[in-house]
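*Asks:* Letter by letter, the chains look like this.
Number of protein chains: 2
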Amino acid sequence: MRRGHNLLAVGDYNQAVVLDVIRRAPLGLSRVEIASDTGLSAQTVSNVTRRLLDTGLVREGGKLIVGPGKPRTLLQLVTTSRYAVGVHLDPTVVTYALLDLAGDVVADHRTLTPSAADPDTVIAVMAEEVRALLAREGVAPERVLGVGIAAPGPLDSAQGILLDPPLLEGWQHVPLREALARATGFPVVLEKDVTAAAVAELWVDSDEDRDNFAFFYYGTGIGIGLVVDHDVLRGASDNAGDMGHLMVQADGPVCGCGRRGCVGDLVVPYRLVQRAVTAGVLGPTASVDTPLDGPAEHIDFDETDRRFTEFAAAAGRGDAGAVAICEEAATHIARALVSVVNLLDIDHVVCGGPFWRRIAPVLRERIEALVAGDPALIPRHPVAVESSTIGEDVAAVGAGCLVLDQTLSPRPSALLIAG
Amino acid sequence: MRRGHNLLAVGDYNQAVVLDVIRRAPLGLSRVEIASDTGLSAQTVSNVTRRLLDTGLVREGGKLIVGPGKPRTLLQLVTTSRYAVGVHLDPTVVTYALLDLAGDVVADHRTLTPSAADPDTVIAVMAEEVRALLAREGVAPERVLGVGIAAPGPLDSAQGILLDPPLLEGWQHVPLREALARATGFPVVLEKDVTAAAVAELWVDSDEDRDNFAFFYYGTGIGIGLVVDHDVLRGASDNAGDMGHLMVQADGPVCGCGRRGCVGDLVVPYRLVQRAVTAGVLGPTASVDTPLDGPAEHIDFDETDRRFTEFAAAAGRGDAGAVAICEEAATHIARALVSVVNLLDIDHVVCGGPFWRRIAPVLRERIEALVAGDPALIPRHPVAVESSTIGEDVAAVGAGCLVLDQTLSPRPSALLIAG
Numbered sequence: 001m002r003r004g005h006n007l008l009a010v011g012d013y014n015q016a017v018v019l020d021v022i023r024r025a026p027l028g029l030s031r032v033e034i035a036s037d038t039g040l041s042a043q044t045v046s047n048v049t050r051r052l053l054d055t056g057l058v059r060e061g062g063k064l065i066v067g068p069g070k071p072r073t074l075l076q077l078v079t080t081s082r083y084a085v086g087v088h089l090d091p092t093v094v095t096y097a098l099l100d101l102a103g104d105v106v107a108d109h110r111t112l113t114p115s116a117a118d119p120d121t122v123i124a125v126m127a128e129e130v131r132a133l134l135a136r137e138g139v140a141p142e143r144v145l146g147v148g149i150a151a152p153g154p155l156d157s158a159q160g161i162l163l164d165p166p167l168l169e170g171w172q173h174v175p176l177r178e179a180l181a182r183a184t185g186f187p188v189v190l191e192k193d194v195t196a197a198a199v200a201e202l203w204v205d206s207d208e209d210r211d212n213f214a215f216f217y218y219g220t221g222i223g224i225g226l227v228v229d230h231d232v233l234r235g236a237s238d239n240a241g242d243m244g245h246l247m248v249q250a251d252g253p254v255c256g257c258g259r260r261g262c263v264g265d266l267v268v269p270y271r272l273v274q275r276a277v278t279a280g281v282l283g284p285t286a287s288v289d290t291p292l293d294g295p296a297e298h299i300d301f302d303e304t305d306r307r308f309t310e311f312a313a314a315a316g317r318g319d320a321g322a323v324a325i326c327e328e329a330a331t332h333i334a335r336a337l338v339s340v341v342n343l344l345d346i347d348h349v350v351c352g353g354p355f356w357r358r359i360a361p362v363l364r365e366r367i368e369a370l371v372a373g374d375p376a377l378i379p380r381h382p383v384a385v386e387s388s389t390i391g392e393d394v395a396a397v398g399a400g401c402l403v404l405d406q407t408l409s410p411r412p413s414a415l416l417i418a419g
Numbered sequence: 001m002r003r004g005h006n007l008l009a010v011g012d013y014n015q016a017v018v019l020d021v022i023r024r025a026p027l028g029l030s031r032v033e034i035a036s037d038t039g040l041s042a043q044t045v046s047n048v049t050r051r052l053l054d055t056g057l058v059r060e061g062g063k064l065i066v067g068p069g070k071p072r073t074l075l076q077l078v079t080t081s082r083y084a085v086g087v088h089l090d091p092t093v094v095t096y097a098l099l100d101l102a103g104d105v106v107a108d109h110r111t112l113t114p115s116a117a118d119p120d121t122v123i124a125v126m127a128e129e130v131r132a133l134l135a136r137e138g139v140a141p142e143r144v145l146g147v148g149i150a151a152p153g154p155l156d157s158a159q160g161i162l163l164d165p166p167l168l169e170g171w172q173h174v175p176l177r178e179a180l181a182r183a184t185g186f187p188v189v190l191e192k193d194v195t196a197a198a199v200a201e202l203w204v205d206s207d208e209d210r211d212n213f214a215f216f217y218y219g220t221g222i223g224i225g226l227v228v229d230h231d232v233l234r235g236a237s238d239n240a241g242d243m244g245h246l247m248v249q250a251d252g253p254v255c256g257c258g259r260r261g262c263v264g265d266l267v268v269p270y271r272l273v274q275r276a277v278t279a280g281v282l283g284p285t286a287s288v289d290t291p292l293d294g295p296a297e298h299i300d301f302d303e304t305d306r307r308f309t310e311f312a313a314a315a316g317r318g319d320a321g322a323v324a325i326c327e328e329a330a331t332h333i334a335r336a337l338v339s340v341v342n343l344l345d346i347d348h349v350v351c352g353g354p355f356w357r358r359i360a361p362v363l364r365e366r367i368e369a370l371v372a373g374d375p376a377l378i379p380r381h382p383v384a385v386e387s388s389t390i391g392e393d394v395a396a397v398g399a400g401c402l403v404l405d406q407t408l409s410p411r412p413s414a415l416l417i418a419g
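Protein chains in written order, with UniProt numbering: chain A, 1 to 419; chain B, 1 to 419.
This is chain A alone, in the form it adopts within the complex:
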């Protein structure tokens, strides 16, 4: 992460340690408890909390009475003292989320991704949307810790560059992190979309036991964020989570990789819409009548988005043709998830992303049942398939959480960065 002056303003390892224990205590913590929870000396806690009070990150709240001694003053996080912005660039839609210091979503906003525009223009529009969002919510720039951006992979995380996301035409080797930092004036964190979604789920989820799960991301493309031992799995180059080329149908259409039956090619929203048009479930349109086994180039994503809403509605009211297409998609998704469960022995799949909520009522239960009944499933425990409670914002929220995480979570590496 680029660490700008805003981040360094709340930097310092001990400070992060103290902030971290305070934010995890809904009612706040006294200095005595902070010292006992962190192992820091009373003097250090006193110094650090004075600084946190001065900068307005915490405030003195109620009193705690323990035994016959003096009541202890509780220190609480001032959730409105700092903010983070999360942005999610999907080929169809750009989502913005404003998070307060507690990670709660204060405001969000969606715009269609201008597919004809070049990256520079899209980035300029993003910066303008971020500015407008902050202005609408009355958040001054100096209270913004940074911007997190979630984008499709593969990406070069060290350089902050999108390499060649298959569904974002014209976005080859775009230095998104630098460009967005320049355009907004904020430090920027870049993360792969599926990983950001998993981060959001991990941050927001109150289920402390959920240390291992997969996040099935259903956007313009699909992917799978992986959480192992309560940490997201990023891999050697931060590009983990690609499941699109898992083969799930022996006699399926030919994928861009040259093989048949890759799940990504079979179940993405524009393929379901194409199939619905071909089957006569939806009326024909100029833009989505490309051949079913053709490449994904030049697909009109705005139009697909509208038609997908129609399609999901048809399936929801029980239209036989639409349901049949969903059943086939559920079979393919379940098959891919079984491969993931077999590899990682995961007992929990959370589903979300820009297109999930619309189709979830038709897909979720079917997928869960198909996974449970798959003769190829190796582990002998149930696999829960749930919808994310965060909704369509999930990757944007995750990108914002990453900014909070970099600021609030103490980690040894921060000591190195801080020098």
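A portion of the hints provided could be inaccurate.
[As the list claims (entries may be wrong)] Computed spacing ranges between beta-carbons, pair by pair: (1) Gly69/B - Gly61/A: 45 to 55 angstroms; (2) Arg59/A - Gly69/B: 46 to 56 angstroms; (3) Ser387/A - Gly318/B: 48 to 58 angstroms; (4) Glu178/B - Gly373/A: 25 to 35 angstroms; (5) Pro71/B - Gly62/A: 52 to 62 angstroms; (6) Ser41/B - Gly61/A: 37 to 47 angstroms; (7) Glu310/B - Arg380/A: 34 to 44 angstroms.
[Said to hold, decoys possible] Not everything, but these chain A residues come out facing chain B in the computed CB check (under 10 angstroms): (8) Ile224; (9) Asp229; (10) Arg234; (11) Gly244; (12) Gly261; (13) Val340; (14) Val341; (15) Asp347; (16) His348; (17) Asp374; (18) Pro379.
[Stated by the list, open to error] These stretches of chain A come out as covered by chain B in the derived footprint (C-beta under 8 angstroms, 3 or more residues): (19) 152 to 164; (20) 246 to 253.
The hints are simulated quantities; they were obtained by calculation from the structure and are not laboratory data. Cβ atoms here follow ideal geometry from the backbone N, Cα and C, with glycine treated the same way.
On the provided structure of chain A, position chain B as indicated by the hints.
*Replies:* Relative to chain A, chain B alone:
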């Protein structure tokens, strides 16, 4: 892990912490260095090291001269003071490895798995082999920390039970851990074979940078052990690492799961032998001429093992038919590994297991080239495909390492167990 008296004899968290730093220092460590490395007080280090000297786990070695002070006595691990036994139950072969306290293999031994015998008989034979191995090496039972056993999944790790390993006929719901503990008199750790292999690789490997890799296990069945952040990934029920049902050939034969082209069914040794017999590369035999798309039941594994050696030799000398079969197998394995690399963004695959070494000269380079050239590969970095340096013993060595690991590696959970 069942913690018997032998394990508890060297238990205690501080002791494990001190032993851990001593065993990582090839020349040994002085008490001053131990205190500074562990954060323990000089008094605690003095107490703990006295106990370690008394029990013979460490000894006083050379002297270290630092500045004008008194020379410091170096404490070294007595690698021959304790031992661990690793056993690997593969449907074709049972492997035994005797490890000293440093994890070095002192002796190993292989026997064919008696496929006609019931589990009780096989377990009794195992216990006899363990006793004979210890007797041959002159290791008294009181110096044995325990036995680790690696076995095919799926297993119930909490109960120590093999559930229904697909290639071990008659081994349904066998309480292997209890039975082997009873038969040998030692505490027993049970681990899935592919995970044990990954543990061995992690333990023996001197490459400190190798924090993330996959272990491609090539035994009577195949599997993939996963290492993430220098720790093996076990999953929700310790059954992670199954890759057999990854679909890799659209028009492949029908697998036991009912679908076509599962990699496990395509590339296991008995399938290659069957194909070689059908193609006339090997002469016919009574036992391996089952139909190519038939189930794996009643396969004569001893015979397959011998024929596989013939087959690998034919491929090694360039027999066109054998090489063609290997090329096809390499394609399938590479395809499955690409799925794993895409999911986990792994840049390193280590290959091993009972059948790997024989076929490695023909397969390894081909697999590496096929992975690199696969159009479905998402991460943009090279993926190294290497043979394990440990060889055919790898899962047995890993099982032994698990016993050492439980004894020597400090972990907070040990505090809870020690209660």
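*Asks:* If a hint holds in the structure, say so; if it does not, say that too.
*Replies:* Now for the hints, and whether the structure bears them out:
Taking 45 to 55 angstroms as the suggested C-beta distance range, the pair Gly69/B and Gly61/A conforms, at roughly 53 angstroms. A beta carbon spacing of about 52 angstroms between Arg59/A and Gly69/B agrees with the range 46 to 56 angstroms that was offered as a hint. Between Ser387/A and Gly318/B the Cβ separation comes to about 56 angstroms, which falls inside the hinted range of 48 to 58 angstroms. Checking the proposed 25 to 35 angstroms range against Glu178/B and Gly373/A shows it holds: the Cβ atoms sit about 32 angstroms from each other.
Checking the proposed 52 to 62 angstroms range against Pro71/B and Gly62/A shows it holds: the Cβ atoms sit about 60 angstroms from each other. Checking the proposed 37 to 47 angstroms range against Ser41/B and Gly61/A shows it holds: the Cβ atoms sit about 38 angstroms from each other. In this structure the supplied range 34 to 44 angstroms holds for Glu310/B paired with Arg380/A, their Cβ-Cβ distance being about 38 angstroms. Hint status for Ile224/A relative to chain B: holds, with the closest Cβ pair at about 7 angstroms, below 10 angstroms.
Among the interface hints, the one on Asp229/A holds; its C-beta lies about 8 angstroms from the nearest C-beta in chain B, closer than the 10 angstroms criterion. With 10 angstroms as the threshold, the beta carbon of Arg234/A comes within range of chain B, its nearest partner Cβ sitting at about 7 angstroms, so the hint holds. For Gly244/A, the suggested interface contact is upheld, since its CB lies about 8 angstroms from the closest CB of chain B, less than 10 angstroms. A cut of 10 angstroms between beta carbons decides the hint on Gly261/A: the least distance to chain B is about 6 angstroms, and the hint holds.
With a least beta-carbon distance of about 7 angstroms to chain B, the hint placing Val340/A at the interface is held under the 10 angstroms criterion. Satisfaction of the interface hint for Val341/A is found here, the shortest Cβ-Cβ separation to chain B being roughly 9 angstroms, below the 10 angstroms cut-off. Checking Asp347/A against chain B by beta carbon gives a least distance of about 4 angstroms; that is within 10 angstroms, so the hint holds. Checking His348/A against chain B: minimum C-beta separation of about 8 angstroms stays under 10 angstroms; hint holds.
The restraint placing Asp374/A at the interface with chain B holds, with a minimum CB-CB distance near 8 angstroms, inside the 10 angstroms limit. Checking Pro379/A against chain B by beta carbon gives a least distance of about 5 angstroms; that is within 10 angstroms, so the hint holds. For the segment 152 to 164 of chain A, the stated coverage by chain B is satisfied: 4 residues place a CB nearer than 8 angstroms to a CB of that chain, which reaches the threshold of 3. Only residues whose beta carbon comes within less than 8 angstroms of a beta carbon in chain B count, and the segment 246 to 253 of chain A has 6; three or more means the coverage holds.
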